[in-house]
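Keeping their order, the protein sequence lines are chains A and B.
For reference, each letter of the first sequence is one residue, going 219 to 648 in the working numbering.
For reference, each letter of the second sequence is one residue, going 12 to 473 in the working numbering.
Hints were generated in silico from the structure; no laboratory data involved.
Backbone N, C-alpha and C fix where the C-beta goes; we use that ideal spot for every residue, glycine too.
Careful, some of the hints might be misleading.
[Claimed, not checked] Output of the computed footprint for chain B on chain A, the stretches with three or more beta carbons under 8 Å from beta carbons of chain B:
| id | stretch |
| --- | --- |
| 1 | 521 to 528 |
| 2 | 574 to 586 |
| 3 | 624 to 635 |
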Amino acid sequence: MNKLPILLISLLFLNLQLYAQIDGDVIKPFKGDFLLQNARIFTITDGILENTDLLIQNGKIAAIGKDLPEENHRVIDCTDKRLYPGFIDGGTSLGLVEVNSLPETQDYMELGKVTPQMQALTAVNPNAVAIPVTRVSGVTTVLTQPRGGYFPGTAALIQLNGYTPDQMDAGFRAVLMNFPSAAKAGSYDSRSAETIQKEAEKGLKEIDAIWEKATTYLQIQEKGGEVDYYPEMAHLAKVLKGELPLFIEVNAANDISNALEWVKDKEIDVVFTGVAEGWKVAEELVEANISVITGPVLALPSRQSDSYDSPYTNASILQKAGVKVAIRTQETENVRNLPFHAGFAAAYGMGTEEALKAITLHPAELFNVADKLGSLEVGKNATLFLADGDPFEPKTQIHQVFIDGYKIPMTNRHIRLYQEFLDREMKPEN
Amino acid sequence: MNRKILFPVIILTLINFTNQAQDIKKGDVFIQNAHVLTITDGVKENTDVWVRNGIIHKIGSQLRVPNDIVVIDARGKFLMPGIIDAHSHVALEAINEASSPITAEVKMGDVIDPFDIGIYRALAGGTTISHAMHGSANAIGGQNITLKHRYGTFNPDDLVMKEAPRTIKFALGENPTRVHGRGKNLQPRSRMGVEAVIRNGFEEAIQYKQTWEAWNKAKNQKNNRQVPPTFSSRLETLLDILEGEIIIHCHSYRADEIYMLIQVCKDYGVDKIVFSHVNEGFKVAPELANNTMGASVFSDWWAYKFEVYYSTAYNAAILTKNGVITSINSDSAELIRHLYHEAAKTQRYGGLSDEEALALITINPARQLGIDQWVGSIEEGKQGDLVLFDKHPLSIYAIPEMTWVDGIKYFDRKEDKTDQRLKVDPEETLEPMFLHADHVNCMSNVDFFFTGFGRNLFEHNH
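Using the sequences and the accompanying hints, generate a full structural model.
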């Protein structure tokens, strides 16, 4: 009986949070101790815990268990609701572009083919309108990537809360590489098959030359020699030393095979990204023990001759073959669709449990942050969300998101426009 | 008649005859024990649907059907009407005739490509009808064509939904002002110019009509020396719009431009107008409800260009709740594959009911295309366009299993063979690869206007 007033108060509190902006109040993310009571907890690493409490303290998951003491914590009733770890998108441009068609707002591409030292985190706009639009969906953490050239730059893992790039930094970087493609690029590519092949080979030769240069740079450095200021090589040397992983974007089946050949004798930390035609060469990827970040799932088949569902089944085929799979949207403003990409992969063979891993635990592992993110375990960051059903299902509502212990305002421009215009005050005269 | 002429005439007549004699295929099928999502009459549990000669003949239980009819056991499965896409560019060889701010004379019916693999892929997503549209380069573009996805035919005409009324593409905002104003230094360069182009076009059509009326009166009079006016299929088409014979489907984004065209249409007595994309339609929802045949929107696209920066994914919900006939369209070879999922997003963004959400991709687009008396719901007497899902189509886990058009099964997941192309280029040694960026869209075929323009304007899609 003594639970009832608390329940009512917490309900009121929730309501206030959801609708306070109607009155013009500004709601900021705020940190505190929150006791999430009586939830269905999808831990990812330890199954599903029924009617269980989760305590958030100092930004961390402090406890998970039955009937945790309420003490002075803010209590949120989670009866009939579910808790999930925040979803992680393995590849986006979020924060690097505001309006896709306006070059003034695009900060994802530098001049030159070899710019590995360019830092995505530098250009992340913490106030990008798309960030709050994304995080209310339960997507809390994304890899944001530069693009273009052989080595476009260094991607950064960011959490979707913070006033500066450093506050958003989720503690992971990867140097990106675009593997030269021997595939004909759409119907506008008028090059002959021979030219395409030659250009791809030429591209790989250029990359090899850069690689050799970086190797030499590292050797001189390690032997205590003087090296000139050469930021490109200094940065690639970090990949050679194993300080930074190399994420290789490669999609066509042949290119994947060639990329596997290319990395074979290199002692570096490698992840393949894109991997649209991975389903054709899954065994090779398993043999080479390469993990992949694949997607978008909601995409067209890469070839006209391919089965209509190849983009839906790709992740599942790779996962079943034994490849560790993370899923990405490759989106900017619609990263919020990550759960739907995972949901399609789930429907077309992967199953809900594995698809959940592909946007939680697996990316956390690939980004070396599995000690902080990717599952609901004591000691990990309190980056999680509360939903009234399966978050892959469109009709499910996400009720509350926490990022690093911050209670995130469940609003954004899309929601505010809805509130203002659903029932407009000034109606037309007929 | 000269023999040399006679022979080709006979041949041509024969070709013509065989073409016309080729009837559209129509089929029979009996789908048993499905959850039937009728759209207009609720959900009927454990119900049978009998399609006879391409038409839904009977809906009920324990129907007596002929012994030789194909029976589909649909126990536990969900049957809904074929999905209708009110804005698509599927099966078209060309999209934009971007040579003038008004090109009302061109017809998408002349550039149908029956070999487009996109038709099959749409069927695999349950979409049976698409409104194949002209692009958005011009304030008044070409005439669209409503297609039924009868994949497998080599004859473009077989894809045409003959019953569908004529429709035409209009476009407001950034695309026409960029292509003509900035690209070619022609009006329109601004949203003011777009209004002027449309009004001038309508006025010219009215004058054209008056000129012909004067000529028709004069031509039978004695000693008439007047020269007949020049025929213009462009102005004829604009007149047909003014006379209510053509439904306008207008590419638009911002509330101000939508409001402008509503006013223009009021001035000219035009009430057959549907707004397409309409990202800011939610701001003028009551006006759209009062004056138009509705809005056809994206589920969640925004921020790909400036005029869609102030969008909301709640657009469809706001419009629906304000009484606007609302549909969700694809404008994309990718989205047309899962419009059922796009419709489902309105349950997250605005909490639409199952009935409201499904109407967005069935009966509502049918109304907007003027074809709701034939398709858009499962009713006796309507055409046998159906799609069977293993789960409720608004669930993320739903998979379309079979799709019928006119009672003919054009897609069956179980019988899906990998390569569904109807035509393979024999000279193609290297099959092109299409990554997700390569969609045919509203601004296709206009990139050549921007060579050396400083920016890659081809990036501006939709």
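According to a criterion of three or more residues whose C-beta lies within less than 8 Å of a C-beta of chain B, is the stretch 624 to 635 of chain A covered?
Coverage by chain B holds for the stretch 624 to 635 of chain A (4 residues, Cβ < 8 Å).
Can you take a look at whether the stretch 574 to 586 of chain A is actually covered by chain B? Rule is 3+ residues, C-beta closer than 8 Å.
violated (count 0)
Against chain B, does the stretch 521 to 528 of chain A show at least 3 residues with beta-carbon separation below 8 Å?
Answer holds; 7 residues pass the 8 Å Cβ test.
Hint 2 alone, counting from the list given before, is not met by this structure.
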